[in-house]
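Engineer: Here's the letter readout for the chains.
There are 2 protein chains.
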Amino acid sequence: MTDTYQELCERGRQSATLDSISALMGWDQETYMPAGGSAARAEQAAALAAIRHDMKTDPRVGELIEACESNGTMSDPDSPEAANVREFRRDYDLATKLPKDLVTELAKTAALGQEAWKSARADSDFDTFRPWLEKLVGLARRKAECYGAPKGGELYDALLNVYEPGATSAEIESAFVPLGKRLGDLVAELNESGTPPETEVLNAEIPADRQHEFGLFVLDAIGFDLRSGRLDVTTHPFCEGVAPGDTRLTTRYRDEHFTDALYGTMHEAGHGIYEQNLPKGQGHGPADCFGQPLGESISLGIHESQSRMWENFVGRSRAFWEWALPHAQKMLGDALAGVTPEQLYRAVNTARPSLIRVEADEVTYNLHILIRFEMERAIIGGDLEVGDIPAAWNEKYKHYLGVDVPDDRRGCLQDIHWSGGMMGYFPTYCLGNLYAAQLWESINEQIPDLDAQISRGEFGPLKDWLARNIHQHGRRYRAGELCQRLTGTPLGADPLLRHLEGKLRPIYGIA
Amino acid sequence: MTDTYQELCERGRQSATLDSISALMGWDQETYMPAGGSAARAEQAAALAAIRHDMKTDPRVGELIEACESNGTMSDPDSPEAANVREFRRDYDLATKLPKDLVTELAKTAALGQEAWKSARADSDFDTFRPWLEKLVGLARRKAECYGAPKGGELYDALLNVYEPGATSAEIESAFVPLGKRLGDLVAELNESGTPPETEVLNAEIPADRQHEFGLFVLDAIGFDLRSGRLDVTTHPFCEGVAPGDTRLTTRYRDEHFTDALYGTMHEAGHGIYEQNLPKGQGHGPADCFGQPLGESISLGIHESQSRMWENFVGRSRAFWEWALPHAQKMLGDALAGVTPEQLYRAVNTARPSLIRVEADEVTYNLHILIRFEMERAIIGGDLEVGDIPAAWNEKYKHYLGVDVPDDRRGCLQDIHWSGGMMGYFPTYCLGNLYAAQLWESINEQIPDLDAQISRGEFGPLKDWLARNIHQHGRRYRAGELCQRLTGTPLGADPLLRHLEGKLRPIYGIA
Chain A
-4 MTDTYQELCE RGRQSATLDS ISALMGWDQE TYMPAGGSAA RAEQAAALAA IRHDMKTDPR
56 VGELIEACES NGTMSDPDSP EAANVREFRR DYDLATKLPK DLVTELAKTA ALGQEAWKSA
116 RADSDFDTFR PWLEKLVGLA RRKAECYGAP KGGELYDALL NVYEPGATSA EIESAFVPLG
176 KRLGDLVAEL NESGTPPETE VLNAEIPADR QHEFGLFVLD AIGFDLRSGR LDVTTHPFCE
236 GVAPGDTRLT TRYRDEHFTD ALYGTMHEAG HGIYEQNLPK GQGHGPADCF GQPLGESISL
296 GIHESQSRMW ENFVGRSRAF WEWALPHAQK MLGDALAGVT PEQLYRAVNT ARPSLIRVEA
356 DEVTYNLHIL IRFEMERAII GGDLEVGDIP AAWNEKYKHY LGVDVPDDRR GCLQDIHWSG
416 GMMGYFPTYC LGNLYAAQLW ESINEQIPDL DAQISRGEFG PLKDWLARNI HQHGRRYRAG
476 ELCQRLTGTP LGADPLLRHL EGKLRPIYGI A
Chain B
-4 MTDTYQELCE RGRQSATLDS ISALMGWDQE TYMPAGGSAA RAEQAAALAA IRHDMKTDPR
56 VGELIEACES NGTMSDPDSP EAANVREFRR DYDLATKLPK DLVTELAKTA ALGQEAWKSA
116 RADSDFDTFR PWLEKLVGLA RRKAECYGAP KGGELYDALL NVYEPGATSA EIESAFVPLG
176 KRLGDLVAEL NESGTPPETE VLNAEIPADR QHEFGLFVLD AIGFDLRSGR LDVTTHPFCE
236 GVAPGDTRLT TRYRDEHFTD ALYGTMHEAG HGIYEQNLPK GQGHGPADCF GQPLGESISL
296 GIHESQSRMW ENFVGRSRAF WEWALPHAQK MLGDALAGVT PEQLYRAVNT ARPSLIRVEA
356 DEVTYNLHIL IRFEMERAII GGDLEVGDIP AAWNEKYKHY LGVDVPDDRR GCLQDIHWSG
416 GMMGYFPTYC LGNLYAAQLW ESINEQIPDL DAQISRGEFG PLKDWLARNI HQHGRRYRAG
476 ELCQRLTGTP LGADPLLRHL EGKLRPIYGI A
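Just so you know, the sequences run in chain order A and B.
If you read the first sequence in the working numbering, its first letter stands for residue -4, the second for the next number, and so on.
If you read the second sequence in the working numbering, its first letter stands for residue -4, the second for the next number, and so on.
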């Protein structure tokens, strides 16, 4: 490799190292930071953001990329080097479009905004959060303006593109709206013509410490490496791929509905297994591409496909409970005595409109996302004022899910994303479901006895398939290209609908 | 204030902000970082150390200091500005003496060295740690050479001076050697002529979670602000003043000897209360000197005087147990039923030679430090090879404490300091005991009913005295000057000896 390319990678590594420090600070803020530390944390975040920004926008990086583009480094377009330079270019162009003061301001406001959100959420008091959200929306719009709307697109697309390269509102709308329609029909069909499964079994009271122990057991079984990771408790579950060899998950426990915490854990583990198997020098193979695009995840949509797959396609399957229940009965105490795998399988596969996204079932979850997509698009598009968010939120929940939102805590204050300045992020959750369903069909073709393996607690072949076909490629392929390569077709809604209809109708007794 | 001075303070703040991030990383490494993250953590530490070093040694800082020294900022030598500029000068001169590659190498080796120490300690295997220690000693010597030995002093003094400004080996030797002699005599007198107190009460088995709850209760009572701090568990207890409003303590629990954890907690709380009351904008008064010397602690010796005061002068007093025992009996379960304050007071005041420094009693603790001082001095002076450390350690423990060291885990591998590259740090522990004793006499003159207050759980007046007379001054006075101002005399060994002899002889039944 040329010295130029080496220097580019070296600079990427330095920059990624600072990013990893920032990730640690974010994790700490959500887990163990005392409340009194929030002002200082904002100052730390802003200071580091400024340094990271300088590093990422250093004109020398631009020169190196330009040199690599013209010196033959990319002559084989399928080479790792070509992919790296292509993606370094994308990152550099995005970074140089933002002025440093905006980056610093965003980091600081996000840190303070999250603290304001936490207390507003606890008190269900939107008004105290409103000035922060106005500031955050203003900053998000400024950010979008700096990136610029894509040709023929809208301002919001500029934010989408950060999380899901190339995604546009128009495309997402054209997928989500019919999906929402058919899922709405499915929910109506199930609840009007079918018999909802018995969910009494989920009311078993199980202490948090036992749930935690069981969660760790499942993590270990499905292949999340706990020597290079951990599981903590936060208000809002997340996965932070802090650094190579250091991937941290969080979940939350209630005494009832132990499966909420379990699926939270399995969901984040899906993200975590992706992070742990990226080729960034973590002891899983020789490649150490830390700081290079080849060591990074493709997009949030693909990331979410991994979390949804472990949560829903594995975790909510009959086969999973055939394996997991005997262990759960041993570890969770008497509360599950006499329960059958079939009972649990049915109980965790309902389609019941509800208020909280992260606790939503596999069907209605997508409607929660549709609502957020429509709202964000309107907010960034200037069609919805921040002060009108609670009313608009409640109206959409009534329209799409038929539920009345009793307070903002269970309404527009439930999610952390906006308080951290993340707008344009939510749609990737639904894209993840679509990708997961489409990949799942291909995986089952290639591992015909996958279901039997799962029922025996053999998760290795699935994990290896994902690592080999997705994780190990880093950002070598864009999301759409990867989907086409692995499934033979572009992303579509049919696999997800087949999966949901095929699972839910029998459970609800519909032929 | 001049623009120059303002810019100097602003740069100090930026630099302190990055220091605070580094502190968080250090805390995380000892508490929650998964083992797999250690290589990445070393890379993070090195990257940040390089940036911090650039910031601290920026020639612009030197220019600003020089300008302040000549533009009248220091015209009133007693002003806060004069103190700040004087101390900024000290920091700048120290920082610019170290080349960047050494700083980076030290940060990285310390991070990796700590991991190596952890596993070597667990296996009691000095040989696996030896190459790391050789590297760390080499780096410490290089560091000392960069600073240079003070006039007429030795190389080791250059390291002492980092932690205790102005301290020299010769002075420390002249205080420690007679102190060691008289304490050795005291230990002999107590154990030959006296009757050791009954310590059976300490064998009560108390679960860690209850001890933790009680520890938090005591922290709150003595004035450590848990809203701006926390208490976690680590192998080696410490206090990390992460950032303004964010001070973190750790302790460790065993089922027996609950007072070990309690005194660990109270010790670290003493450090923590100092950190929480420094004028760095934490809501304890209007001053926000974060990043200025006026917002920082004086020296490790003074820091240690605060921890030792709460641990030993408060915590090991009869009055403390009169207050604490009824609460302990409520919170710690039946194991302490029927125990009297007098029994506990006597049980925690023994003078019994032992192996582990952090569990040593108040008398023999100083002998543990004397040993480390002699060893470090010999190591840095080139008179002791790393490979000979275990033998030398064991020999000194036999000589000064009369104990046989059964393995390196309980010998030269017991402390974290050297693995983090900290040589020259240990003597400050004994200096802390001396300062604490001398301050304690003055405090008792000024708060004559302090003992009665403590027996009623009223710790506010003591905490306020410390905050007002020590904490709020930051680095305005050097340690020796502060001691002279507050006690009327230079630091001496007599108050500590008076305290120990006066407490221990009656307990051992010696008139």
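Errors might be hidden in some of the hints.
Copies of the same chain look alike in the list, so a pair counts if it works inside one copy or between any two.
[Unchecked claim] Cut-off 20 Å, straight-line C-alpha distance, at most; resulting in silico cross-link-like pairs (DMTMM-like, lysine to aspartate or glutamate):
1) LYS325 <-> GLU2
2) LYS103 <-> ASP14
3) LYS498 <-> GLU149
4) LYS176 <-> ASP489
5) LYS95 <-> ASP220
6) LYS95 <-> GLU5
7) LYS92 <-> GLU496
8) LYS146 <-> ASP255
9) LYS103 <-> ASP283
10) LYS325 <-> ASP250
11) LYS458 <-> ASP96
12) LYS130 <-> ASP204
13) LYS103 <-> GLU5
14) LYS146 <-> ASP444
15) LYS146 <-> GLU64
16) LYS51 <-> ASP88
Worth flagging that the hints you see were computed from the coordinates, not collected in a lab.
Engineer: Each hint needs a verdict: does it hold in this structure or not?
Structural biologist: Going down the list of hints, with the structure as the test:
no.	hint	verdict
1	LYS325 <-> GLU2	neither (54 Å within a copy, 64 Å between copies)
2	LYS103 <-> ASP14	both (15 Å within a copy, 18 Å between copies)
3	LYS498 <-> GLU149	neither (37 Å within a copy, 78 Å between copies)
4	LYS176 <-> ASP489	within (13 Å within a copy, 85 Å between copies)
5	LYS95 <-> ASP220	neither (37 Å within a copy, 36 Å between copies)
6	LYS95 <-> GLU5	between (22 Å within a copy, 18 Å between copies)
7	LYS92 <-> GLU496	neither (44 Å within a copy, 71 Å between copies)
8	LYS146 <-> ASP255	neither (42 Å within a copy, 68 Å between copies)
9	LYS103 <-> ASP283	between (32 Å within a copy, 19 Å between copies)
10	LYS325 <-> ASP250	within (17 Å within a copy, 27 Å between copies)
11	LYS458 <-> ASP96	neither (42 Å within a copy, 42 Å between copies)
12	LYS130 <-> ASP204	neither (39 Å within a copy, 43 Å between copies)
13	LYS103 <-> GLU5	between (28 Å within a copy, 17 Å between copies)
14	LYS146 <-> ASP444	neither (46 Å within a copy, 79 Å between copies)
15	LYS146 <-> GLU64	neither (24 Å within a copy, 58 Å between copies)
16	LYS51 <-> ASP88	within (10 Å within a copy, 31 Å between copies)
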